[in-house]
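K.L.:
Model the placement of chain B on the given structure of chain A, informed by the hints.
Line by line, the protein sequences give chains A and B.
Each residue of the first sequence is one higher than the last, beginning at 1 in the working numbering.
Each residue of the second sequence is one higher than the last, beginning at 1 in the working numbering.
It is possible that part of the hints are untrue.
Straight-line Cα separation of at most 27 Å, DSSO-like style, residue types lysine-lysine; simulated pairs [what the hints assert, rightly or not]:
no.: 1; chain 1: B; residue 1: Lys-51; chain 2: A; residue 2: Lys-118
no.: 2; chain 1: A; residue 1: Lys-118; chain 2: A; residue 2: Lys-228
no.: 3; chain 1: B; residue 1: Lys-18; chain 2: A; residue 2: Lys-86
no.: 4; chain 1: B; residue 1: Lys-323; chain 2: B; residue 2: Lys-141
no.: 5; chain 1: B; residue 1: Lys-17; chain 2: B; residue 2: Lys-141
no.: 6; chain 1: B; residue 1: Lys-18; chain 2: B; residue 2: Lys-141
no.: 7; chain 1: A; residue 1: Lys-118; chain 2: B; residue 2: Lys-79
no.: 8; chain 1: B; residue 1: Lys-84; chain 2: A; residue 2: Lys-118
no.: 9; chain 1: A; residue 1: Lys-178; chain 2: A; residue 2: Lys-98
no.: 10; chain 1: A; residue 1: Lys-98; chain 2: A; residue 2: Lys-86
no.: 11; chain 1: B; residue 1: Lys-51; chain 2: B; residue 2: Lys-152
no.: 12; chain 1: B; residue 1: Lys-323; chain 2: B; residue 2: Lys-14
no.: 13; chain 1: B; residue 1: Lys-18; chain 2: B; residue 2: Lys-152
no.: 14; chain 1: A; residue 1: Lys-118; chain 2: B; residue 2: Lys-78
no.: 15; chain 1: B; residue 1: Lys-51; chain 2: B; residue 2: Lys-141
no.: 16; chain 1: B; residue 1: Lys-18; chain 2: A; residue 2: Lys-98
no.: 17; chain 1: B; residue 1: Lys-14; chain 2: B; residue 2: Lys-141
no.: 18; chain 1: B; residue 1: Lys-17; chain 2: B; residue 2: Lys-152
no.: 19; chain 1: B; residue 1: Lys-141; chain 2: A; residue 2: Lys-93
no.: 20; chain 1: A; residue 1: Lys-228; chain 2: A; residue 2: Lys-178
no.: 21; chain 1: B; residue 1: Lys-78; chain 2: B; residue 2: Lys-323
Partial list, computed: chain B residues near chain A (C-beta under 8 Å) [stated by the list, open to error]:
no.: 22; residue: Leu-7
no.: 23; residue: Gln-9
no.: 24; residue: Lys-19
no.: 25; residue: Asn-55
no.: 26; residue: Gln-60
no.: 27; residue: Thr-62
no.: 28; residue: Gln-65
no.: 29; residue: Asn-66
no.: 30; residue: Tyr-164
no.: 31; residue: Ile-169
no.: 32; residue: Met-220
no.: 33; residue: Leu-224
no.: 34; residue: Trp-226
no.: 35; residue: Tyr-286
no.: 36; residue: Thr-290
no.: 37; residue: Ile-299
These aren't lab readings, by the way, just hints derived from the structure by calculation.
The C-beta atom is built at its ideal place from N, Cα and C for all residues, glycine as well.
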Amino acid sequence: MKSSGTLWRVVGTASLASTLLLAGGFAFAMRDMLIVTPSVQQAARQAPEEAQAGGQYQQADEILVTALGDSLTKGVGDNSGRGYVKPVLEQLKAATGKPVQQINNLAISGLTAAELDKMLAEDRGLDNPIRQANLILLTIGGNDLFRPVLEARENGSSSDIPLDEIEAQIPAAAASLKSVVERIRAINPEATLVYAGLYNPFYDIAELRDGSAAVQRWNDEAYRILAKDEHAVLVPVMDLFEQRSAAYMASDHFHPNQDGYVRIAQRIVQALT
Amino acid sequence: MKGMLPLVQNETLKIWKKKRFYVILLILLVLVPLFTYAQLRVSQTNAANFKDWRNQIQQQITDLQNTLASDRMPEEWKKYDRIKVQQLQYYLDHDINPNSPDAATFTRQFMASSVSMFFPLLILALSSDLVSGERTGGTIKMLLTRPVRRWKILTSKLIALTLYVSLAILATGAVCYLISGLLFGYGGWTMPVFTGFVIDGSAIDATGVHAVPQWAYMLMQSGLIWISCMTIAILSTMVSVLVRSTAASIVTMMAAVISGSILAGMASSWEAAKYIFSVNIDLTDYLEGTPPPIAGMDIGFSLAVLGIWAAAALVVSYGVFTKQDILN
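Bound-form chain A, shown alone:
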């Protein structure tokens, strides 16, 4: 009886104390949710800690890669999910002997140049990964140029696909690309910026083969935007997807397949080493 008296005192006290604590916690939570939250002002914004800038990849001990852009950078169409970014990392590592690390792959499928420009303008979370990098990989513009064609294709016939609409998109998209490059440069002026040019995804459709001329014009525009920047390089990939395009295109007839991405990666690494 004595031991059970002690047990009762211990268990009783401990559990009573827990009950009071938890009831207090509940009251505290209700106060926070019903009184504090409505009355509180937005917490004072603290400036996030500035990440160390990546510098230039040639001098750095470690190559730090941030990729951004559209579905090509995301790797859509590659069944292994690697896209061109992962092969670039591996091949760069093999070629330079330096450790190569991907900081972030910030690509979003379906992104247009204008949308990327808006993201860079508004989303301060992108600053850190861009600042930390010494190598930035970028693809953009494909969705701006080819969306009218894709939409027409979805709606049925391929006969009256508006080829001239591809060209009509170029000036606005080029202006967005210029702004994108400027924004990236404002965050990180030193990193090498690699822009992979566009290819004509519809080369295998006879009526759309002429689209290649429009794509070439876009690549010219992009080259003009990047040429002034000594740390920027445009990597052409258009020729890779013409003669044997079926072997390098995914089944959606729009994105490259795994082999196609590996070839894009080879081009990029050639330009960097």
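P.N.:
The following block gives chain B in isolation, referenced to the frame of chain A:
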């Protein structure tokens, strides 16, 4: 209320002697190391792939944005991801790591994810044979032939149960903290955690967001867990009064809890489901700012639903227990 204390003492000791609390501790001692190890592996993978947590959070945001860009995803599901993106963005903008690897954060996350299933299970281990156990063991006759009013007996049982529910919640927190601390370090109590996200349709109203130290957040969280656990405890007491066998009482309650959590996952189009108690158990969601399973639910609503269910269960329990004929 005179004469109540010895009864409570008696019931408390009974539950203790039935070793139910040891079972709870044992379950915790087995499960928590498993989860701790899993968490360790997650943080190791993240450390290997990302330079620091900001990159990891940014990647998480980008991945969610990619999911959102997909047309295959139904609009109602996108709502969760959109809110998740906004929350992560908020943490990123304020330079606070929502998944900082320390024992306090681990404990907080473990407790939050345990509300819907694990805690109810622990509570059922304590409560499901509260009355039916007396029947199975045949002790109910002894209990009821004593010159004590029946309502006093049931009240003392409920008080003892309340005490153990509290003890179980704190024990869970303590075991979690002590074990995970071995791997993650015992820090993190003062780390700021954001609360006050107000869900408004598919967007978050962040004007009410404020940082509280993690210890305060955990205290509030435990208080809310306590409320949902008490509701489960009271309901399961009712079942224990109504059903003769303990096994049947556990199965009934578990079925109710599980069906609630399944409904919560799929019932967004069936609005009346929000009146079911088990859809409202996840009270900590309101603290975190996770969107409720059904539009239009908020903390006041959930508390009211839980309160009404608990009150009804008490009425039924007392009504049946005081009137019931004990036959064998």
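K.L.:
Please go over all the hints and tell whether each is borne out by the structure.
P.N.:
Do the hints match the structure? See the list:
Between Lys-51 (chain B) and Lys-118 (chain A) the alpha-carbon distance is near 26 Å, which keeps this suggested pair within the 27 Å criterion. This hinted pair checks out: Lys-118 (chain A) and Lys-228 (chain A) have alpha carbons roughly 23 Å apart, not beyond 27 Å. Using a Cα cut-off of 27 Å, the hinted pair Lys-18 (chain B) and Lys-86 (chain A) is violated, with the two alpha carbons roughly 59 Å apart. At most 27 Å may separate the alpha-carbon atoms for a hinted pair to count; Lys-323 (chain B) and Lys-141 (chain B) meet this at roughly 14 Å.
For the given pair, Lys-17 (chain B) sits about 20 Å from Lys-141 (chain B) by alpha-carbon distance, which is consistent with the 27 Å threshold. Proximity of Lys-18 (chain B) to Lys-141 (chain B) is assessed by CA-CA distance (about 19 Å); at most 27 Å being required, the pair is judged to hold. Simply put, Lys-118 (chain A) and Lys-79 (chain B) have alpha-carbon atoms about 22 Å apart, close enough for the 27 Å limit, and the pair holds. At roughly 20 Å between alpha-carbon atoms, Lys-84 (chain B) and Lys-118 (chain A) fall within 27 Å of each other, so this suggested pair holds.
This hinted pair does not check out: Lys-178 (chain A) and Lys-98 (chain A) have alpha carbons roughly 31 Å apart, beyond 27 Å. For the hint pairing Lys-98 (chain A) with Lys-86 (chain A), the CA-to-CA distance comes to about 15 Å; that is within 27 Å, so the pair holds. Only pairs whose Cα atoms come within 27 Å are accepted, and Lys-51 (chain B) paired with Lys-152 (chain B) is rejected, the gap being roughly 62 Å. Pair hint Lys-323 (chain B) plus Lys-14 (chain B) holds up; C-alpha atoms about 24 Å apart against a cutoff of 27 Å.
Taking the CA atoms of Lys-18 (chain B) and Lys-152 (chain B), the gap is about 21 Å. The hint holds against a cut of 27 Å. About 21 Å separates the Cα atoms of Lys-118 (chain A) and Lys-78 (chain B), which keeps this hinted pair within 27 Å; it holds. Among the hinted pairs, Lys-51 (chain B) with Lys-141 (chain B) is inconsistent with the structure: their alpha-carbon atoms are about 68 Å apart, more than 27 Å. Taken as a hint, the Lys-18 (chain B) and Lys-98 (chain A) pair is broken in the structure, with Cα atoms around 64 Å apart against an allowance of 27 Å.
For the proposed pair Lys-14 (chain B) and Lys-141 (chain B), the alpha carbon gap of about 16 Å is at most 27 Å, so the pair holds. Restraint check: the Cα-Cα separation between Lys-17 (chain B) and Lys-152 (chain B) comes to about 21 Å, which is no more than 27 Å; the hinted pair holds. At roughly 80 Å between alpha-carbon atoms, Lys-141 (chain B) and Lys-93 (chain A) are farther apart than 27 Å, so this suggested pair is violated. Note on Lys-228 (chain A) and Lys-178 (chain A): the hinted pairing holds, with a Cα-Cα distance of about 11 Å set against a maximum of 27 Å.
For the suggested pair Lys-78 (chain B) and Lys-323 (chain B), the alpha carbons sit about 52 Å apart, so the restraint of at most 27 Å is broken. With 8 Å as the threshold, the beta carbon of Leu-7 (chain B) stays out of range of chain A, its nearest partner Cβ sitting at about 12 Å, so the hint is violated. A hinted interface residue such as Gln-9 (chain B) counts as satisfied when its beta carbon comes closer than 8 Å to some beta carbon of chain A; here the least separation is about 5 Å, so the hint holds. The interface hint given for Lys-19 (chain B) is broken, as the beta carbon of that residue sits about 13 Å from the closest beta carbon of chain A, more than 8 Å.
Given hint, Asn-55 (chain B) at the interface with chain A, holds; its Cβ is 5 Å from that chain's nearest Cβ, closer than 8 Å. Hint status for Gln-60 (chain B) relative to chain A: violated, with the closest Cβ pair at about 10 Å, above 8 Å. Taken as an interface hint, Thr-62 (chain B) checks out: its beta carbon lies about 5 Å from the nearest beta carbon of chain A, inside 8 Å. Residue-level restraint check for Gln-65 (chain B) holds (minimum Cβ-Cβ distance to chain A is 5 Å; threshold 8 Å).
Interface restraint check for Asn-66 (chain B): the shortest CB-CB distance to chain A comes to about 5 Å, inside 8 Å, so the restraint holds. Proximity of Tyr-164 (chain B) to chain A holds as hinted, the smallest CB-CB distance being about 6 Å (cut-off 8 Å). Of the supplied interface hints, the one on Ile-169 (chain B) holds, with its beta-carbon coming within about 6 Å of a beta-carbon of chain A, less than 8 Å. For the restraint placing Met-220 (chain B) at the interface with chain A, the shortest Cβ-Cβ distance is roughly 3 Å, inside the 8 Å limit, so the hint holds.
Restraint check, Leu-224 (chain B) versus chain A: the minimum CB separation of about 5 Å is within 8 Å; hint holds. Hint status for Trp-226 (chain B) relative to chain A: holds, with the closest Cβ pair at about 4 Å, below 8 Å. The closest approach between the C-beta of Tyr-286 (chain B) and any C-beta of chain A is roughly 6 Å, which is under the 8 Å cut-off, so the hint is satisfied. The closest approach between the C-beta of Thr-290 (chain B) and any C-beta of chain A is roughly 14 Å, which is over the 8 Å cut-off, so the hint fails.
Checking Ile-299 (chain B) against chain A: minimum C-beta separation of about 5 Å stays under 8 Å; hint holds.
Going through the hint list in order, the structure does not satisfy hints 3, 9, 11, 15, 16, 19, 21, 22, 24, 26 and 36.
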